[in-house]
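2 protein chains.
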Amino acid sequence: MKEILIGADHAGFRMKESLKKYLAGLNIRVKDYGTNSEESTDYPPIAGKLARDVARGKEGILICGSGIGMSIAANKIHGVRAAVCHNEFTAQVAKEHNHANVLCLGARDINEKTAKKIVKKWLKTAPSTEERHKRRVNEISDLEC
Amino acid sequence: MKEILIGADHAGFRMKESLKKYLAGLNIRVKDYGTNSEESTDYPPIAGKLARDVARGKEGILICGSGIGMSIAANKIHGVRAAVCHNEFTAQVAKEHNHANVLCLGARDINEKTAKKIVKKWLKTAPSTEERHKRRVNEISDLEC
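So the sequences go chain by chain: A and B.
With our numbering applied, the first sequence has no gaps in its numbers, which climb one by one up to 145 at the end.
With our numbering applied, the second sequence has no gaps in its numbers, which climb one by one up to 145 at the end.
Read the hints as simulated data drawn from the structure, not as lab findings.
We put the beta carbon where it would ideally sit given N, CA and C, even for glycine.
Accuracy of the hints is not assured; some may be wrong.
Each pair of labels, with its calculated beta carbon distance range [to be verified]: (1) B:18 with A:29: 17 to 27 angstroms; (2) A:14 with B:89: 14 to 24 angstroms; (3) B:39 with A:144: 25 to 35 angstroms; (4) A:117 with B:124: 31 to 41 angstroms; (5) B:52 with A:112: 30 to 40 angstroms; (6) A:29 with B:36: 18 to 28 angstroms; (7) B:89 with A:129: 29 to 39 angstroms; (8) B:108 with A:20: 23 to 33 angstroms; (9) B:88 with A:117: 39 to 49 angstroms.
With these hints in hand, go ahead and build the complete structure from the sequences.
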């Protein structure tokens with residue numbers, strides 16, 4: 001059974017709860033990294049904890065107000081490629097070209113319907129095996145040294 | 001005179017040239033990190049080179065097809081907070097809340113008019129001095145260790 005890690009700050013809490021139900025409906029197991037209310041909380045520790053587990057071969061979704069704070073924080077972890085996506089086009093190329101293993105969403109930027117479309121597109125798109133995309137992903141790893 | 005570093009891959013080349021003119025019109029000096037044509041090129045080395053200079057206290061703009069590849073690569077450099085923005089809302093919060101020092105744009109996702117609005121919003125917005133935002137930016141640095 002496929003598993004997706006999911007985390008959010010207070011701004012993304014409601015969208016996280018909605019996406020948990022959506023993923024369950026797709027027969028995907030969800031591991032929740034919090035937060036568990038709309039009380040103000042800091043996004044980097046949540047991003048860091050989830051991203052370290054993604055680096056061990058998982059995939060995850062992180063949600064904050066814009067998706068940006070989560071993506072900056074998650075990308076600090078080696079092996080993580082976190083992509084802020086706001087539509088199906090960006091979701092597709094993030095997975096296809098950039099082999100994004102963390103999807104970041106902005107709960108104050110997009111609505112839940114759009115979020116579900118983005119999640120679906122990201123889940124069903126395969127990383128490209130074309131040489132140029134694989135080479136570029138390896139060049140990202142080189143920057144982590 | 002304010003200076004902005006700018007770089008793009010082949011997909012972002014035309015938007016880079018357009019933004020260079022736009023920035024010059026705002027009386028901003030521009031340092032160009034390439035690429036200099038629409039011939040296919042790899043984004044991570046360009047992102048890495050620009051990001052290392054941003055880490056020394058500059059600000060930069062990176063453009064690829066979606067903005068995502070550039071943002072993943074740039075965020076690998078310590079001290080860099082690279083934000084993919086697709087509208088004025090995300091540009092504002094990226095600078096205000098996340099203190100983004102690199103703005104990433106997707107030339108296949110947004111048009112030049114929108115790109116200029118985003119650049120303008122990002123340039124004119126100040127990083128928030130509110131304690132919670134400063135604390136979260138410091139928590140991002142903690143993840144780089």
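Hint check results:
| no. | hint | verdict |
| --- | --- | --- |
| 1 | B:18 with A:29: 17 to 27 angstroms | 46 angstroms, violated |
| 2 | A:14 with B:89: 14 to 24 angstroms | 18 angstroms, holds |
| 3 | B:39 with A:144: 25 to 35 angstroms | 27 angstroms, holds |
| 4 | A:117 with B:124: 31 to 41 angstroms | 32 angstroms, holds |
| 5 | B:52 with A:112: 30 to 40 angstroms | 39 angstroms, holds |
| 6 | A:29 with B:36: 18 to 28 angstroms | 48 angstroms, violated |
| 7 | B:89 with A:129: 29 to 39 angstroms | 36 angstroms, holds |
| 8 | B:108 with A:20: 23 to 33 angstroms | 31 angstroms, holds |
| 9 | B:88 with A:117: 39 to 49 angstroms | 23 angstroms, violated |
Of the numbered hints given earlier, the model fails hints 1, 6, 9; all others are met.
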